[in-house]
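Enquirer: Add chain E to chain P, keeping to what the hints say.
So the protein sequences, as listed, match chains P and E.
Be aware that the first sequence starts at 20, since it is given in our numbering, and climbs by one per residue.
Be aware that the second sequence starts at 6, since it is given in our numbering, and climbs by one per residue.
A portion of the hints provided could be inaccurate.
[Stated by the list, open to error] Calculated lysine-lysine pairs in the DSS-like style (CA-CA distance at most 27 Å, straight line):
no., chain 1, residue 1, chain 2, residue 2
1, E, K108, P, K110
2, P, K110, E, K118
3, P, K113, E, K108
[Stated by the list, open to error] So the derived label-pair ranges between C-beta atoms look like this:
no., chain 1, residue 1, chain 2, residue 2, range
4, E, K118, P, Y453, 25 to 33 Å
5, P, M303, E, F75, 27 to 35 Å
6, P, Y453, E, E51, 45 to 53 Å
7, E, R102, P, V324, 47 to 55 Å
8, E, A34, P, V398, 36 to 44 Å
9, P, N465, E, R102, 56 to 64 Å
10, E, R102, P, T145, 50 to 58 Å
11, P, K175, E, F75, 28 to 36 Å
12, E, R102, P, Y453, 40 to 48 Å
13, P, R378, E, D74, 53 to 61 Å
14, P, I293, E, K118, 44 to 52 Å
15, P, V256, E, A34, 32 to 40 Å
16, P, V449, E, A34, 36 to 44 Å
17, P, Q301, E, G30, 28 to 36 Å
In short, the hints are calculated from the structure, not lab data.
Computed from a prediction, not measured in an experiment: that's the story for all the values here.
Where a beta carbon is used, it is the ideal one built from N, C-alpha and C, also for glycine.
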Amino acid sequence: MSAMNSFIFSGMRDTQMTSRIGERLSFWAVSRLLLLLCTTIGFAESASALPSYARQTGYACVKCHVGGFGPQLTPYGVRFKLSAYTETDHKGLKIPVAMFVYGGFTHTEKDQPTPPTPHTSVNDNTTLDQISGFIAGRWFEDVGSFLQVTYNGNTKGASIDNTDIRYAHDFVIAKTDALIGVSVNNNPTVQDPFNTLFAWNFPYLTSAVAFGNGDAGTLISGGLGPAVVGVSGYTFVDDSILAEVGTYRALSPAMQIKLGLGAGNDIGRVDDSIYYRLAYLQDMNTQAFSVGLVGFNASIQPGRVDGGPVNRYRDVGADAWYEYLGTGRHNFAAYASYVREDETRGDLFPAGATNLTGRLYDLRFNASYYYAQTYGVTVGRFSKHGTPDPLLYSFSASGSPDTTGTILQVDYTPFGKADSWGRPFANLRVGLQYTIYDKFDGASTNYDGSGRNASDNNTLYLFLWLAI
Amino acid sequence: MKRSIFMRVIPLACISIAAGSAHAGGDAAHGAELFQQNCAACHSPERGQNLVGPSLYSVVGRAAASIADFSYSDAMKHCGIVWTPDQLVAYLKAPRRYIPGVKMMFPGLPDQKDREDVVAFLSRSGGATPASMTTIDAPAPNAALGVSK
Numbered sequence: 020m021s022a023m024n025s026f027i028f029s030g031m032r033d034t035q036m037t038s039r040i041g042e043r044l045s046f047w048a049v050s051r052l053l054l055l056l057c058t059t060i061g062f063a064e065s066a067s068a069l070p071s072y073a074r075q076t077g078y079a080c081v082k083c084h085v086g087g088f089g090p091q092l093t094p095y096g097v098r099f100k101l102s103a104y105t106e107t108d109h110k111g112l113k114i115p116v117a118m119f120v121y122g123g124f125t126h127t128e129k130d131q132p133t134p135p136t137p138h139t140s141v142n143d144n145t146t147l148d149q150i151s152g153f154i155a156g157r158w159f160e161d162v163g164s165f166l167q168v169t170y171n172g173n174t175k176g177a178s179i180d181n182t183d184i185r186y187a188h189d190f191v192i193a194k195t196d197a198l199i200g201v202s203v204n205n206n207p208t209v210q211d212p213f214n215t216l217f218a219w220n221f222p223y224l225t226s227a228v229a230f231g232n233g234d235a236g237t238l239i240s241g242g243l244g245p246a247v248v249g250v251s252g253y254t255f256v257d258d259s260i261l262a263e264v265g266t267y268r269a270l271s272p273a274m275q276i277k278l279g280l281g282a283g284n285d286i287g288r289v290d291d292s293i294y295y296r297l298a299y300l301q302d303m304n305t306q307a308f309s310v311g312l313v314g315f316n317a318s319i320q321p322g323r324v325d326g327g328p329v330n331r332y333r334d335v336g337a338d339a340w341y342e343y344l345g346t347g348r349h350n351f352a353a354y355a356s357y358v359r360e361d362e363t364r365g366d367l368f369p370a371g372a373t374n375l376t377g378r379l380y381d382l383r384f385n386a387s388y389y390y391a392q393t394y395g396v397t398v399g400r401f402s403k404h405g406t407p408d409p410l411l412y413s414f415s416a417s418g419s420p421d422t423t424g425t426i427l428q429v430d431y432t433p434f435g436k437a438d439s440w441g442r443p444f445a446n447l448r449v450g451l452q453y454t455i456y457d458k459f460d461g462a463s464t465n466y467d468g469s470g471r472n473a474s475d476n477n478t479l480y481l482f483l484w485l486a487i
Numbered sequence: 006m007k008r009s010i011f012m013r014v015i016p017l018a019c020i021s022i023a024a025g026s027a028h029a030g031g032d033a034a035h036g037a038e039l040f041q042q043n044c045a046a047c048h049s050p051e052r053g054q055n056l057v058g059p060s061l062y063s064v065v066g067r068a069a070a071s072i073a074d075f076s077y078s079d080a081m082k083h084c085g086i087v088w089t090p091d092q093l094v095a096y097l098k099a100p101r102r103y104i105p106g107v108k109m110m111f112p113g114l115p116d117q118k119d120r121e122d123v124v125a126f127l128s129r130s131g132g133a134t135p136a137s138m139t140t141i142d143a144p145a146p147n148a149a150l151g152v153s154k
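Next up, chain P with everything else stripped away, as it sits in the complex:
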């Protein structure tokens, strides 16, 4: 999960408010900032080709992942996920356990105003970002999981992370293959098999100590994170049409604490939520594409007050996905997504938000090329813009959430092929990622009113990612 994906209403200027409103705004500023930290650090990127799946199936990583590491799913990987991670070669004892670790060196164009975590400096940080353990694989004939617990090297804490437990079974209806399944998960879009939506989109790995303040995001882009539990039912008809409907509820504050999500990070009560997804996949063996729609509606009562005012969010988006796999020598993938969020701030408005309603738009696309499933280059573009609100987006001098930029990444994945050394236990990716901001919080220069420019947040991240 990247900093760009985090969902916050930027800190608010309580000096402009009455003391009561100031308290609420402070609560919101702090809670959203904590949520930002939680989402950008504690719930950091979780995707990878898990060796337990490779051991279960006997496949090399490249069977399910572009570039031999993940999380970019091939059409085969899409089906594997939708089939509840249960495919197996039935050979020997299968233990659905895996782990990965990653960390790296982060350099920001200009020193950050304050250290991003208590254990780091304002710049040039070398960090062990994440150690994750997984229960990932087949439990029963039709039940499997991707269940992740993460130790965060920056916050020095462990917590529940992306979780997706599934049941799926193939039925034949009217002489047509229809996979029908149920997913229990803790993050809207984590159950999605395409790399276009929030949980699995590019960048797949980001620095946990990059500059992130004031980076707004839509609710479906990580706003609820692991603090909810949801159930969705889906069908995948004729290997081409995916339809899914689900709903989410917030975990109780006590349960969030038990799962390591921390005290004081409660997102509030989530009601009336509905997640829906419709996608069409055309797999032509050497290449494939999909187009789809996604939506998420929810009401949030931050204080969990019965009958209290709620903030309503209506996210609707579209996505497109294309992969050329060819013979495996040259792989090309391109993904795009667009989300529009309509907000009605029933709670935030009386607490000080300038506008009762507002919109946020999130557009992303990226393209990657892998040679021999080993040497990769990816270029991604992101653009977020929305209705200005000086109080909600107080990190911005203009009250704007608008942020645009480009991400460049080159990486090297030496293993993961059928003939790789140490398969399936040896998995490694080394990469260099550079994030360039054209605009940050509404401006290219002096966006925060204190002289900081968007380009000051440009981030270089050299990472090492291991999975066993």
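Expert: Just chain E now, kept in the frame of chain P:
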């Protein structure tokens, strides 16, 4: 009993002879390349080597779902197919549409010539030629006696 064995062998012989001829025009060398690219991750052409998919050794002429120690889908178990070259060529176009409910997650080879080449390779590598007919795995009795979709 003797009649049963006789009735099982004769159709197999016919199928296997047909396998040697019906797709004799297929390019087995090209089929081998296609097999490596598309099939080898899940299937071995070696006898007794089941991967995620069953061994394709001697698949031509074999009844569907006939390898005893492989876990087939119900759809495959009940399809009643004997894998003639024509059946294989048709199946490989879009497996999950040809037999809805099968586990094989492969979209298929759209090109007819490619499919014929793969079947030509399987016919040779599996030994489903008249000379090696005796190595064919024992088929399920009902399947060997009737080819049905």
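Enquirer: Taking the Cβ atom of P:I293 and the Cβ atom of E:K118, is their distance within the range 44 to 52 Å?
Expert: Check passed, 48 Å falls within 44 to 52 Å.
Enquirer: Holds or violated: P:K113 and E:K108, Cα atoms, limit 27 Å.
Expert: holds, 19 Å
Enquirer: That 45 to 53 Å hint for P:Y453 and E:E51 (C-beta), does it hold up?
Expert: At roughly 47 Å between Cβ atoms, E:E51 and P:Y453 fall inside 45 to 53 Å, so the hint holds.
Enquirer: Please check whether P:N465 and E:R102 have a Cβ separation lying inside 56 to 64 Å.
Expert: This hint holds: roughly 60 Å between Cβ atoms.
Enquirer: I want to verify a distance hint. Is the separation of the beta carbons of P:V256 and E:A34 within 32 to 40 Å?
Expert: holds, 38 Å
Enquirer: Would you say the C-beta atoms of E:K118 and P:Y453 sit inside 25 to 33 Å of each other?
Expert: violated, 46 Å
Enquirer: Is the gap between the beta carbons of E:R102 and P:T145 within 50 to 58 Å?
Expert: Hint holds: Cβ distance 53 Å, inside 50 to 58 Å.
Enquirer: Evaluate the given range 28 to 36 Å for the C-beta pair formed by P:Q301 and E:G30.
Expert: holds, 31 Å
Enquirer: Falls inside 36 to 44 Å, the C-beta gap from E:A34 to P:V398?
Expert: holds, 39 Å
Enquirer: Does the beta carbon distance between P:M303 and E:F75 stay inside 27 to 35 Å, or does it fall outside?
Expert: holds, 28 Å
Enquirer: Tell me if the straight-line CA distance from E:K108 to P:K110 falls inside 27 Å.
Expert: Distance ~17 Å between E:K108 and P:K110 Cα, so the pair holds.
Enquirer: Given the hint that P:K110 pairs with E:K118, test it: the Cα-Cα distance must not exceed 27 Å.
Expert: The hint is violated at about 34 Å.
Violated hints for the displayed structure, listed by number in ascending order: 2, 4 and 11.
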